Every structure is written in C-alpha cells, then in structure tokens.
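Undergrad: Below are the chains, spelled out letter by letter.
There are 2 protein chains.
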Amino acid sequence: MAQNARLHSLGILVLCVLSYPAMTTAREPVLNLMPLPANMQSGTGSLAVDSAFSIAFTGYSEPRLERAGERFLKQLAHQTGLPLALKPSKTGKGTLVIQTDHAGKEIQEVGEDESYILDVSTASARIRASTPLGAMHGLQTFLQLVDVSSSGFAAPVVTIQDQPRFPWRGLMIDSARHFIPLDVIRRNIDGMEAVKMNVFHWHLSENQGFRVESKKYPKLHELGSDALYYTQDEIRDLVAYARDRGIRVVPEFDMPGHSTAWFVGHPELASGKGPYAIERKWGIFDPAMDPTNERIYKFLDDLIGEMARVFPDHYFHIGGDEVNGKEWDANPKIQAFMKAHGIKNNEALQAYFSGRVQKLVTKHGKTVIGWDEVLVEGVPKDIVIQSWRGQASLAKAAKQGYRGILSNGYYLDLGWPAARHYAVDPMSGDAANLSPQEKQRILGGESCMWAEYVNPENVDSRIWPRNAAIAERFWSPQEVRDPASMYTRLDFISARLEWLGLTHRSVSRHMLQRLAGSASPAEFAALRTLADVLEPVKDYTREQTAPAEPTSATPMNRIVDAVPLESDAGRRFGELVDQFVAASCHDPAAEARLRVQLTAWRDNDAMLQPLAQRSFLVQEVAGRSQDLAALGSAGLAALDAIAKAQPAADSWKAQQLASIDAAKKPKAQLLLIPAPAVQKLVETAAASGACSTAKP
Amino acid sequence: MAQNARLHSLGILVLCVLSYPAMTTAREPVLNLMPLPANMQSGTGSLAVDSAFSIAFTGYSEPRLERAGERFLKQLAHQTGLPLALKPSKTGKGTLVIQTDHAGKEIQEVGEDESYILDVSTASARIRASTPLGAMHGLQTFLQLVDVSSSGFAAPVVTIQDQPRFPWRGLMIDSARHFIPLDVIRRNIDGMEAVKMNVFHWHLSENQGFRVESKKYPKLHELGSDALYYTQDEIRDLVAYARDRGIRVVPEFDMPGHSTAWFVGHPELASGKGPYAIERKWGIFDPAMDPTNERIYKFLDDLIGEMARVFPDHYFHIGGDEVNGKEWDANPKIQAFMKAHGIKNNEALQAYFSGRVQKLVTKHGKTVIGWDEVLVEGVPKDIVIQSWRGQASLAKAAKQGYRGILSNGYYLDLGWPAARHYAVDPMSGDAANLSPQEKQRILGGESCMWAEYVNPENVDSRIWPRNAAIAERFWSPQEVRDPASMYTRLDFISARLEWLGLTHRSVSRHMLQRLAGSASPAEFAALRTLADVLEPVKDYTREQTAPAEPTSATPMNRIVDAVPLESDAGRRFGELVDQFVAASCHDPAAEARLRVQLTAWRDNDAMLQPLAQRSFLVQEVAGRSQDLAALGSAGLAALDAIAKAQPAADSWKAQQLASIDAAKKPKAQLLLIPAPAVQKLVETAAASGACSTAKP
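Just so you know, the protein sequences line up as chains W and B, in that order.
Numbered as in my numbering, the first sequence ends at 716 without a single skipped number.
Numbered as in my numbering, the second sequence ends at 716 without a single skipped number.
FYI, nobody ran anything at the bench for these hints, they're computed from the structure.
Bear in mind the structure is a predicted one, so any value in this text is a computation, not a measurement.
Do not take every clue at face value.
Pairs count within a copy or across copies, as identical chains cannot be separated in the list.
As the list claims (entries may be wrong) - Straight-line Cα separation of at most 25 Å, DMTMM-like style, residue types lysine to aspartate or glutamate; simulated pairs:
{"hint": "1", "residue 1": "Lys383", "residue 2": "Glu393"}
{"hint": "2", "residue 1": "Lys110", "residue 2": "Glu242"}
{"hint": "3", "residue 1": "Lys107", "residue 2": "Glu477"}
{"hint": "4", "residue 1": "Lys94", "residue 2": "Asp203"}
{"hint": "5", "residue 1": "Lys379", "residue 2": "Asp203"}
{"hint": "6", "residue 1": "Lys687", "residue 2": "Asp321"}
{"hint": "7", "residue 1": "Lys301", "residue 2": "Asp70"}
{"hint": "8", "residue 1": "Lys558", "residue 2": "Glu342"}
{"hint": "9", "residue 1": "Lys459", "residue 2": "Asp203"}
{"hint": "10", "residue 1": "Lys107", "residue 2": "Glu242"}
Work out the full structure, taking the sequences as your base and the hints as a guide.
TA: Below, the structure is given as structure tokens:
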C-alpha cells in the first residue's frame, strides 16, 4: 500500500506489530485510543508527564504547527491540571519532539499524507510525519495516551505507526433545519480533530433556511433565514479554524429540491406559483427549482462563483436528494419543455439540471459532490457520490468509475447504538466484491447529523460519543471491530471529549433540571434513575409518534430531547444479565448487582410520582416510571424463581411477560431499554433446567 | 424609612404583607426566591409562561434597559426551553410590563434607589421602579419566580415590594494571586446580578502580580504580571458589562504592603534594597513602599490619575492591610526620616503614607476605601472602612463618624458552610448598639474570594452557591435568618446559577474525572460517593497541613481542589440523624434511609481501592475511604444496638469512638463530614434509655 512507501520515505523500519485479529479476541484493549492506530507495539514502563514537560518542533515548520503545539500544551495542562509552559520550545529540545518533513497542500486535498510515527520511551517521545497533518494526528494520539498513574501523569512506552484507512472521514452537520451557532460548530470541530476526522460537511441550505450571507443575492439570507445565518467573514474564520485542525470544509447547497427558503426572496427560481415562506415543518416538500428556466443557471453561476471563493475546498456539494416532482408535474411550461427536448420523466429532468449545475461548479474550479441522485447517465467521472442509499449504490457507482463515500448506516439522528453504526463498513456488502481498483474509488464515509430534532443545546449529545466510533471505522484497519473493546474505549474518550468543551454528557443533567424545577435532591435522583434507562424512539418513528405535528418552533424541552440517544446504564444491565445467564446463573456477584439494580428500579417510582404531579414535563413519563417499576419487580421475581432451582410456572411466566410487553412499547416517544434483558431473566427462570443458583 | 417615601412616590399603596418573624418559623419557604424580598404577599393561581410570553418597557427608557430586557428573554428561553421572541415589544404591551420613572445616575452611586414593585396576576405581570436599577432587580425576581408546574411553565400570583437593606452589597475577587480571566469574571458578575449584589470589588495588585495595564508605567504590568493582566480596553468593557447589570466596579491597588510585584519593574518605590521578583509563595511578606520617598507620591499621583480614568466609580480602594514593617525597620534612611519628623512607630508611618495617598485619591475626584488599617487619626470622615477585623472595628469607626462595610465573616476562602456566613450580620455585636445615625454609616458588606487556592477552573465553586446566602444577608430584612429555609432555597438557586454559565456544580465532577483517569463507571461512582462527603480543611489550616510548601505553581488537581467547600450529602446526613434521634429513634423511614447510606459507605472502599492503586491522586484519599467505611460500620452497629433497646456496652462505645476519632482527623487536607453525626448515633446507642426502636 501507498502508506508503506511513505513509511520507508521516513527512513524507519516497519515494526513487528500486534495483529488486530488477535487483539479483538481480548476484552481488554491495549490502550485507551480511539481511533486505534494502524499498528502499535506496547513496551514496558512509561514517560512521566510532569510540570517540566515540553515540546519542540524540528524539520519543516509553519505557524499552523506552532498553533497546534500551543493548543496541545493548553489541552495537556487542562487534562492534567499541571502548570505547563504553554509555548513550544524554540531550542529544538523537548520531552516530546515533533519532526515534520515538508509542507502540506495550500488547500488540503483528499488523500494527502496523514501518516505519523509516535515513539514513546521512558525518557522522551518523538513524532515523525511527512506533513503537518500527520504531525497533528500524532499530537492527538499522544494526548489520548496521557493518563493518571500510580506515580503521576504518564504516557505508556509504545511505538505507533499510523495512517488512515480512508482519506475521506467526515461529519455532516445540518445547520439549516435548526441553526447551529459557530461556537457549537467550533467545539464539534475540536471533537473531530480529537478522533482524526478530516472533513466537515456543512449542510447550509434547506426548505427551512438559507444560512449563508450572499452579497450577490442578499435576499437569499435576508428573507430566507429568520436572521440566523453565517456571514462570509465568519465562514472564512471557521474554514481557517478547521484547516488549523487538519479538517476540510465542504459546503452543501441543496438543489433543486430542499430549497423552499431560497424562493422566499427569489420566487422566480421556483417551479410553482408561490408565494413562498420559510418552511416550518419537517418532511419532503413540493418546492423545487425550475430546470427549464435559463435565468436559474445565470443565478447559480453567480452564486456558485461567489460561494466557491468563500469556501476554498476543491469539492462543492450540490445536494440533489429527494425531489418529489410535484411542482414540475403541475407546471405546463415545464411539461412543454420536457416534451420539446425529449426529456422523458422527472428523473431525466433532474439529470438535465444536475448536468448543467455540474458544469457551473467545474467552471468555478470545483469538483461536484452530491447525494446518490446526482449519479445519472453521462455525468463526468470526477464527481463524488455521497450515498444515503447504501453499499450497493456505492458499489454500482464505483463499477461505473465514480468515487463515493458512504453515509447510509451513519445517520446520527436515527438514534442507533454506537455498536450498530460501528458494524457498518463502507467496504462490506456489494462493495466487498469490488476489484482493488474499484475499491480505491470508495474514499470513506461521513456521519450525518440531520437537525429536525436537535438544537444548539442538545446537538453535541446527538453527535457524541457515537461519532467517535464511526471515526474509528473510517480510520482504523477493517479488522478493528470488537464492540466490547470499542465501548470500553468510547467511555474513556467520551469523558475526554468533554474536556474540549463539548457538552454531550453534561447537557442531559442540565436539561433534566429544567424539567424538574424545584425538585428535592431525592426526586431529582429518581428522575435521573429513570432517564438513565430511557432512549428516544429510533429511526423515523419520532415523527409518527409525535403528540402534535412537530415544527421548527416546537420546544425541545422534553425528556425525549434530554436523554442521550444510547443508554449506558441500559447497555450495562444487558451485559450483566448475559454474564449471569452465561454462567448458568452461578455468579453470586452478578446476581447481587442485578438485585441492587432491580430493587432500585422497583422502588424508584414512589420517589418520582410526587414530582410528576408538579411538573407537566415529568408527568409525561409517569407511565414509563411505572413500567420501570414493573420491570424491577419482574426481574426480582425471576431471580427468586431461579434461586428455587425449579422452573417457574407457565402462568407466572405469562404474567411477567405481559408486563414486560407493556414496558417494551414506546411511550412519550421513549423506549425503556432494560425490557429485553429482564425478559431474558424471566424466560431463564421459566425454562426447565436452564439455570439454578444452587451450586452444581 | 426612606423606602416608604419612595413607594408613595410610585403612587401605590403598601400592601398588607407577610411578616418575616412568622415566616421563619415555617420550614417551607413561601417562594424559591433568593434574596427574599422585603415584603411579599402570595395570591392564588399563576401566570402562564408559554411561547407567546412577551415583555414591554414603558415610562423612562434607555439602551441599558433594552439590553436587560433582551438578556431576560434569552435567559427565560434558556430556562424553559421555550422558543420566545427575544426582543422586547415596541408597542408598550406585553405579558410583563416594566415601568420605569426616570434615569439613574450616570455613574452608579451608593444609595441610589434600587426599589421595585412586582405584581403578578393570572393574566399579566407588572414591574414598577423609579430607576433602571430597580427595574433590573424586578426582572431577576421574576426569573426566579418562573418554574415548571403541572400545566406548563408559570409564575405564581404574588405582589412583591422590595428594596435592599444595605446599599453596598459586594463580592471581592482577588485576581492577583491567581489570575482570573475575563470570561470567568463576567459569569460571576452574572451571578451577582441574579442575587442582587451591586459592587464588584476587584483586587488587582499583590505581591504575586500587578494585573492592570498601565500606559504611564508599563513596567508595572510588563514585569509584574507574567503577562497575565487586563488591558485598559478590557477593563472598560468589563466596567460597562457590570454597569449593564447594576453593578459598580471598585478597583483595589493594595499599598504600601502587598506590593512586591510593583517593585519588579520599579524597585525605586520599595523600602528594601531589592532586586525584587514576583512572589511565588503565600503569606505576608516584607516588601513595602517607602513612605519617606517623595518620588513615590509623584508616581502614585500619575498612576492613581490614570486608573481613576479607567475606573469611573466614585470609590478607589487603596488596600492598606498587613504591613509587617520589616523593610522600614531595616532602612536607616526611613528611620532617620521618622526621627526627624517625629513619627513614633510604623503604624504612624503608615498613617502618614495613607494620609498622603488619600489626598492624591481626593485630588483625582475619588473617595478612599481601605481595610481597617487606613483608619488612623486625622483621616477625613468621608473615607470608607472595609473591615476584615469585625463588627467591633466597624462600630468603632461608625462612632467616630466613618462609614464602613463588613467583610469579617464573609471570607469565602475559609471554607465555612453557608449557614455560618449567613448568621453573620453587619449590625450585630457592637454594631447592634449604635445609634440610628451611626447605623446609617454601616453601608453593608462584601464577601471576599482570596485566591491562594483558587484558579480559573475552580473559582466558581469557591464562590457559589455560598455567596448567594451572603447576598441575601445584605439585601433581605434582618429577620430573614432561618438556615433551613435558606438551604432549601439555596439548592434551587444554585441550580439556576449554573444556567448563567457558572460552573460551581459541574466542575467537581469534571475535576474528579481527571483524578480518575480510565476508571470504570463503578470505580468513578465510588470516588464520587467518597468525594461527596469530603470538605477541604477550614480557615487557615490549608497552609499548615500542606504536603509541601504551596506556591503559585502548585498544581490544583487534587481532591481538596475538586470537592465543594460544603458537602450537601454530609449536611443532609446530619439532618437525618438529628431527625431520627429527635424522634427517640421511632422513625422507621429515617432509619431505613440511614441504613442505606451507611451500608453504601461501608461497602464503598472495596470499590475504590483498585482505582487508588492506579491513580496517585486517588491514592491520597485511600485512607479517607477506609475512614468512611469505618464510619459506615460504626453507624450500622449503632443502629443495631439501638434496635436491641438496651444501652450498648462501654467497651463497645469506646471502640466505636476510637474509629470515629480517627475519622475526624483531617487527612490529605480533607475533613470527613459525617463523623460527628455517626458519633451522635453511637452515643445515642450507648446512652441508657436514650432511644429504642421498639414502639413505646
């Protein structure tokens, strides 16, 4: 592989390394790193990180590296509480020396060398990299290595040779459906840097908002954004901020659909009669640009030209998804045009539009990226397909010569557990059968944070920590896929991410306080006990189960908005039940822990109900609290039955399963996560000879 | 009282109000307000606060009020999660109408009218105030009234007529010993606004740092601050920020002692030979300005003139505390001067210096405020004494015609519980016996955050929530003094203060994560269980018990830096024991809760020890963890003995008390708060007939 050539160019030997297939069988990870490096070899001992710790740059340098060094030192001081000197040494000597060979590209490119080697000995540490990108990745790895030890803060002795599996490792944030302020964007970019993602895909226009200042067509943001938009100066600052962290910024202007907000100021671009207003609801809507109107191409030529100067990246995302075609069908002029030009259907009409837009993007020096729909016959081979449809769509494109990235399976808004995202591989399914040359066309992937149900307050908690697991999928070798190892490391990294200013952990408590008002400490503890095992409903059921049609003005102050998308307590309870049952129920320690947990759940409802009487927002989960109490009782009854070493009666089982079934049903748009694990206990109790706590 | 005259000038009747002596007998407060208003009358029902909520200003207006209205709406939206319109209405109509009579002073003055009346009905609310200061206080009261209810967010129907007891209600922050960045200062000013404090006293120069840019004498900050100082532009912004919140900013330049940092750039001002370096240790040091050097008065004339323009407040704090006189004694020139001018001793020499400086301050249009030591014979009557010595000192000054404020009893760094600060009253002790005219000279008080052991990370947690209790002491009627009511409301207000961005609650968990490193969730929970009942040693014992001499470079990453200064869990356990014993131990619910808590403590150590083996920062409290386990065992044994309804044996009692005595000793600079309450259980068990859980 190309990376090996790079390694040799660094003048070092590739070390004998731990192989991952062996690693994944162990439950304990080698080190708390995420993403795991391509290769690493652990040694003995550790490098002390104390108040005298220093860093120095050698070889090629640039201001970006100096700034990265200062950020590293500030972060290390924060992480350890040590009063470090916050400037890199100018002498070339330091505890950690970072040697960089040469500059990277002026505008960061896809596939630039991001490799690095990190050597930590008991006396010093060294990072070697071809480019600043690799050097910065090495600094992040070192930060993750530093931990508290019995004798002080320290980094373990290790040799790491690392490079990414995929060159395109992105996070998309939809700032259009709900506006996300720049400070929130910035801290998410800090998080991306920590887990070595390198593309921030910024979804900037939608039916619900046009979020960029246009000096050429100011009515776009003035009438299409409710005054919630980014100025061009702010965007330039953000792009520089991202570049400082080795991250490209790819803007998306979604067209010809998803564009109602454009038409508020520019109804002449639309296929319908208008007038148009900023959309307040969620879904797929009729408004679409009129591909038969020549004026639109002049307009887009201007706008794309303007935006191509604001966003320096070589790629320009034109969206292209989900046009329902209703405005086209209803417009006689469009129908006449299609007839006159032999355009058979709406798909062909969109292909015509995409082709025209693609030429404009090319004219302004950029390469098109778009959702699956932009891949139509005759589109030039240099475009990149972002697939929301899946590996089959991606593989088909690759076979045709198109490059692509995968987003299907990485939609953060669907509320999947980290392990489910983690199991999705861009090279699996149809993509696994591609030729090596075709596989090269699969550039990587992007997680997507669609923003119907996120706002500046809770968006961090919808992205993190799960996004770190996806980042590992894009960076680490394909063989790195043990979910147990992932979760152990994710828990550690999640805490670390909060040191960057991300609020994904702390915000839940904060939002629960809003719900709880003047609750007593005991009542608040009861609310947290319940909230800890709730998750919002998954996939697209949030719309379907909403108490009233949700809009962009719907308050997001309910429990469903406050709880994390993945319940750690629920997952751990499930693991404990599995452990208990796997040991044929001969695990007194696990049984004791299960009893403590189940008892707490059974008794929690009595503590919570008085608060539910006083708070309409807690009242909504009064039923969930009763369900949790029922699960606690059922689980305890199952443990009692198991202890008797005789199968429980069928009538008992039916009774328990009925209450578990009730608990499994979503209520208040919330799932009660421990239900299946409690069911497993009940079924174990009822199964003849399955378990007995009496010693065999 | 003058306030009544103001009320009548507002054209309203004084309502029949609840009297506080009656209120303080009830455990339940009327409303979750802090500080409690001077007068309030609760009604029936509530005013809904929903998405349609709006505010409007009538009468006198100014940009400051408009900004206050916008901040209020933003805060209300944040607090409720409701999508409110974030601009005050221009129509004069709104759910809440704020009527202001006239402007306040250009530069906020001591004793300006801060009164307001707040009427909430089921249909609307109204604030009436003479000045913007009163209007802004009314807005803060309204924010505290809004809470979640069974039918939505709401404010209860109430009529409040409110004004402060004292006109000077301050918080001093020492930014000199540890530099505190402006964002941290700003959020503390937000906290002050929320609890109606109106003076930010900024301690800006010390042995350890000179923190203000001087354009006249730039060596002061360039050589005396380690580059950690505020520019004059930043200060002007901060002063405007405070003024927007009804808060005066009083700068303190401490002299002639506490001034080593001045001498690094200007050794010619000092009484010793030098050279001088920024002091890195804590304590009282020898360097002092040379009162006999005429050049110093020229220098101070320039500097005070410069700073008088940067800080618009009418008062200028010259410090004056803790000169040990050693440099004066050792300097023959100074001794000769004293002889020649008949200056008998160092106190008289300081008086001479203070008198000269006082004239310079007056020349630049300001009034002197200083610590007790500046009150020497012949000093003009317009100066203000800030008393670190106490009410006797304050009363003596008042009798002599001097105005004063109390800080003795309000030193936040001493780690006292909120109730202890709360019990200190500026009008108690000698001050209680002053004549009405003399009492008028006691302007109020200031809490003081001295910064030897605080840094930007944990300073919020050293100020809040206790400072809110002190704020109530300065604002509310003297009769408001029930600690139980205070704690109930403080818990609520403390949570609210975090909505402003203060981190006093969240930082503890964050800092514990640093100590815990890659701890498992169970280990981390064990660390929190222990940390929840620990408090740093009190008063000035931290110096005495330090493992090594502390300096400004000592890391603040230990448990003693992470835990709050007051343990809520410890306090609540003590209350529960009191409740149990007071009921002659016939309180099964309390007993059950005690058993749960004591069992958790007994068993916690086993969970924590593996982490203590891995983290040197947790290792430090391994002994405290064992002590907590012993307390748990002793408490459980006491409950068992009580259940037997026979006095426990003397030998048993002696054995339990020995382990409790060990737990009472400070270790790792930490106190184990539940020890006295467990001792009470043991003594109850051992006392003949004191208690029996058998029904009488």
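Undergrad: Evaluate each hint against the coordinates.
TA: Okay, the hints, checked on the actual structure:
1. Lys383 with Glu393: Within one copy, since 21 Å is at most 25 Å while 78 Å is not.
2. Lys110 with Glu242: Between copies only: 22 Å across chains, 49 Å inside a chain, cut-off 25 Å.
3. Lys107 with Glu477: Result: close only across copies, 20 Å inter versus 33 Å intra.
4. Lys94 with Asp203: both (18 Å within a copy, 17 Å between copies)
5. Lys379 with Asp203: neither (35 Å within a copy, 48 Å between copies)
6. Lys687 with Asp321: Neither, since 50 Å and 72 Å both go past 25 Å.
7. Lys301 with Asp70: between (54 Å within a copy, 20 Å between copies)
8. Lys558 with Glu342: Within one copy, since 21 Å is at most 25 Å while 65 Å is not.
9. Lys459 with Asp203: neither (37 Å within a copy, 50 Å between copies)
10. Lys107 with Glu242: between (43 Å within a copy, 18 Å between copies)
Hint compliance for this structure: hints 5, 6 and 9 are not met, and every other hint is.
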